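Number of protein chains: 4
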Amino acid sequence: MPIADLAQRLREFARERDWEQFHSPKNLAISISVEAAELLELFQWSRGQDDWECMNDDAIRASTAEELADILLYLVRFADKAGIDLERAALHKLERNAAKYPAEKFWGSDRKYEA
Amino acid sequence: MPIADLAQRLREFARERDWEQFHSPKNLAISISVEAAELLELFQWSRGQDDWECMNDDAIRASTAEELADILLYLVRFADKAGIDLERAALHKLERNAAKYPAEKFWGSDRKYEA
Amino acid sequence: MPIADLAQRLREFARERDWEQFHSPKNLAISISVEAAELLELFQWSRGQDDWECMNDDAIRASTAEELADILLYLVRFADKAGIDLERAALHKLERNAAKYPAEKFWGSDRKYEA
Amino acid sequence: MPIADLAQRLREFARERDWEQFHSPKNLAISISVEAAELLELFQWSRGQDDWECMNDDAIRASTAEELADILLYLVRFADKAGIDLERAALHKLERNAAKYPAEKFWGSDRKYEA
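Protein chains in written order, with the working numbering: chain A, 145 to 259; chain B, 145 to 259; chain C, 145 to 259; chain D, 145 to 259.
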């Protein structure tokens, strides 16, 4: 289901429950952060530090899929309320990142993330 | 650009820079949380508490679009590395939410979020 | 119980369980973020937007106290492992904030938080 | 400077700038999360994954101290506004954790964090 269709479904979902009133920028931004932290919590200690093997565990995999879904749903809802084209914004950002981090200069280096 | 294409582009992006090594579940989950907090920071005090008018401000709108894009890019990257179909997971979650919060029972109420 | 004593207690707590191995900067920073999001979740929708009346609810008050405690414990643990004097750092930051935001210039304004 | 004195200083700081109006539970909880994510960002990729050596770098150490301070200041401010004794809440939680995770049963194990 493409993002535009998800946005439409979420619009109906909110309308059917009269939840539009709760969907301010502040509240939806909070929701995205809260769901992102629930994903992060799955990898709080040893798990997922070095590789993706933990995804072979069915319970971890299901929890991960659910948290990713929660984040996406709030993200799509936020963009829809804000009138922002999420896919276009992502593509635009990807292009800027490509220009900012030329492959030959940043090969194997995470120094880009340094202040 | 659909999610599947974004995932493909991000895969190439990481490969070209030898950044695969940094993309563990833990690190990508951290990145999603960090970007979510940057979105949240835009609405830290008065802004965006009651309505979406702040989106008429070009600078706020551009910053919002950029943070939404950052979150989506890391989200798509995480799902791709994990082998999780993000759109299917979102649709699945949406259906479970619809069953969990019947419209007539949760009309205008945010009590679902109570412990 | 002063912060120095809490740090000492947490040191013993980790040693007695052989949990030192999990207490890397990355993992403890994750823990602080995860607990901060659990606090935030209490105020995800309508609650606590305008005033502090919600603190009269015993259940909310107890949950809030517990989340604040969790954040403080990980914060104290992080500072202790890093060899940073938390109280001195806080006082130092408070003094810099006072210089950065002169009262007469920032009276009643949250524009300091604008980009 | 003990927590009670920090709380007193923060009270004056807010009053002198008429910032009380911004200090709702929701906004202060957002601030704690935002600052926690700024700490986390310092350890987003390779840094601080395995040990505390990164703290020997003066710039990292100073940034870390500043982020820890920011979190503590908002935490103390939140507890003060809520009328919660932060140190007592922390001690109480520490005692509950000791009961919940008996040393002999959780020796060297992070499975407590599993669902």
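No lab work stands behind these hints, which were simulated from the structure alone. Check each hint, because a few of them may be wrong.
Intra- or inter-copy, both count: the list cannot distinguish identical chains.
PhoX-like cross-link-like pairs, simulated, lysine-lysine; straight-line CA separation at most 25 Å [claimed, not checked]:
no.: 1; residue 1: K237; residue 2: K249
no.: 2; residue 1: K225; residue 2: K244
no.: 3; residue 1: K237; residue 2: K225
Here the structure is a predicted model, which means the values were calculated and not measured.
Here is what the structure says about each hint:
1. K237 - K249: within (19 Å within a copy, 36 Å between copies)
2. K225 - K244: Intra 30 Å, inter 23 Å, cutoff 25 Å: inter-copy only.
3. K237 - K225: both (20 Å within a copy, 20 Å between copies)
Against the hints set out earlier in the document, no violation occurs for any number.
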